[in-house]
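Those protein sequence lines, which keep their order, are chains L and S.
Residue 399, in the working numbering, is where the first sequence stops; the numbers in between run on with no holes.
Residue 169, in the working numbering, is where the second sequence stops; the numbers in between run on with no holes.
Derived from the structure by calculation, the hints contain no laboratory data.
Note that CB positions come from ideal geometry on N, CA and C, so glycine has one too.
Do not rely on the hints blindly, as some may be mistaken.
[Unchecked claim] If you want a taste of the chain S side facing chain L, the calculated C-beta under 10 angstroms gives, among others:
(1) I71
(2) E73
(3) K87
(4) Q91
(5) Q92
(6) V108
(7) D126
(8) I128
(9) K130
(10) R131
(11) M134
(12) E138
(13) L143
(14) I148
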Amino acid sequence: MQGQSKQLEHNSMGKKNFQEDNVYVASKKRIEYCFKNYDKVCVSFSGGKDSTAVLNVALEVAKEMGKLPLDVMFFDEEALHPPTIEYVHRISKNPDVNMLWLCMEWKHRNACSNESPYWYCWDKDNKDLWVRELPETAITEHKRFKKGQAFQDFSAYYYEKSVGSVCYLTGIRTEESLRRMSVICSKQNDNYIQSSATWNSVMAHPIYDWSSKDVWLAVHKFGWDYNKTYDVYNKTKLYQKYLTQRVCPPFGEEPLRGLWLYSECFPELWHKMLHRVPGVATAWRYGNTEIYSSPKTKPDHLTFKEYLQVILKSYSKQYQNEIKKTLNGYIRRHTNKSSDEIPEEDAHLLTGISWKFLCRCVMRGDFKGRQINAINNEAIKARDKAGMSIREAEIKHGK
Amino acid sequence: MKYKNQPLNDIVWRKREDLKPNNYNPNKVATSEMKLLKISIQEDGWTQPIVVNPDMTIVDGFHRWTVSKDIAELTDGYVPTVMITPKDKAQQQMATIRHNRARGTHGVLEMSNIVTDMVDNGLEGDEIMKRLQMEKEEVVRLLYRAGIPKDEVFKDLEFSNSWIPKEKE
């Protein structure tokens, strides 16, 4: 689990046209609409609190419309909190639910380790390392799934064409990020319905306008069962921050900063996690220090340009090459716009690049050029600080 | 002399079987730390006694007592103990928690310096890993923070791959 993004809803109030219905009533109407317009409605379920809300509202609607049992698809990523598993198990016992419990070899980031930057949950070649037993009803294979796909890329292909049109209900809420807000606000009609990878399926986000307070209010008011991980976390120093937690695999860039929670709350699971992928013990100890995030400082006797080479060598050859490709992309972008040398530490006023920033890209394992927006932001920040416009920067530093 | 009143003034070697664990110990130790504890006693010897109360319940040192089973030979099956006399269970539990929690954490830069010193003293990466039960990842990252690249401490002892020119397209 990790905290939600810290972005503020600064200008989104202007996008909201408030309606008479409360969010609960509105989400029921949206789900009714989905049942009327699609042959199959399936809840995409994570075990988190937002999933709880969608599931329970969908069950109510399905009951009213005579559409039970309801398909619920659970993407089991193996290293999950024990109370999450117990919760999903309880739901699968509900006769109104047709649980599709998927335990497939999905690819996940392992940001704990530079030598093994990816891992596969439920990896059939490493059964002895699994942190828990395979659930009895698990679906482990599918004719359209290949080991290493991400579940997001697979989910739309689950149903056969003969099923007809499919609508996956998700628990996405706009409160969680500006990106989600812009997805929901990108069109006026059916604004909460989004096309997916396949022509016959869509994703619908019926609780997009719920706040986390609404979710917990509903849990309280209707007495819904929920994931007791939230209660466990509420006993840690995250007390009262539990309202915004979400469920995700533990070894990624951001989640690894919360590995201490596993060691503190679920020691038995934790001891297995320590052996599951390389680097976990190290990330647990240093995940919140500078050897796992951004280089605030460097070794005294090296420049950032030299330090970059040292960090790069912590990766195996294959991944060194992938990162080099990414870095070369950033460097090319700079040399296309400017003839200046790449600065050591301060962001270049036109392109935002610096060796210090490139160090950060190496440290964070930027295999896919994901820091491109961050580099632009560096340039904007640097110009703001220097009181310079982009035009002036182009004249002074451009080609 | 006042120090004679301290528990440590009276270290008693007892048969390890005479001691028994308490039923509330909150301290959970992972397997690698258990190994490290064993290595620590093997390399440095017993430096800290196990704390017991008068009925031989362990107040502190449960994990030292656990690993002592595997290295019993080292001390003929005896373990060093000191006794405290808590007046009730709550006082005993507090003593346990104080023993466990009154310790610090290691700063990353200081650890980086120490590991660098070890490398300067000729230790190989593999040996540091084994004797401190560190993951390779930890040794590598602590060293790169000091500017030492991985291939200097984890030497690649394989020949590199041979090659022939690619066919012209």
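Here's how the hints hold up against the structure:
| no. | hint | result |
| --- | --- | --- |
| 1 | I71 | 22 angstroms, violated |
| 2 | E73 | 27 angstroms, violated |
| 3 | K87 | 29 angstroms, violated |
| 4 | Q91 | 25 angstroms, violated |
| 5 | Q92 | 22 angstroms, violated |
| 6 | V108 | 4 angstroms, holds |
| 7 | D126 | 14 angstroms, violated |
| 8 | I128 | 13 angstroms, violated |
| 9 | K130 | 14 angstroms, violated |
| 10 | R131 | 15 angstroms, violated |
| 11 | M134 | 8 angstroms, holds |
| 12 | E138 | 4 angstroms, holds |
| 13 | L143 | 9 angstroms, holds |
| 14 | I148 | 7 angstroms, holds |
Comparing the model with each numbered hint stated earlier shows that hints 1, 2, 3, 4, 5, 7, 8, 9, 10 do not hold.
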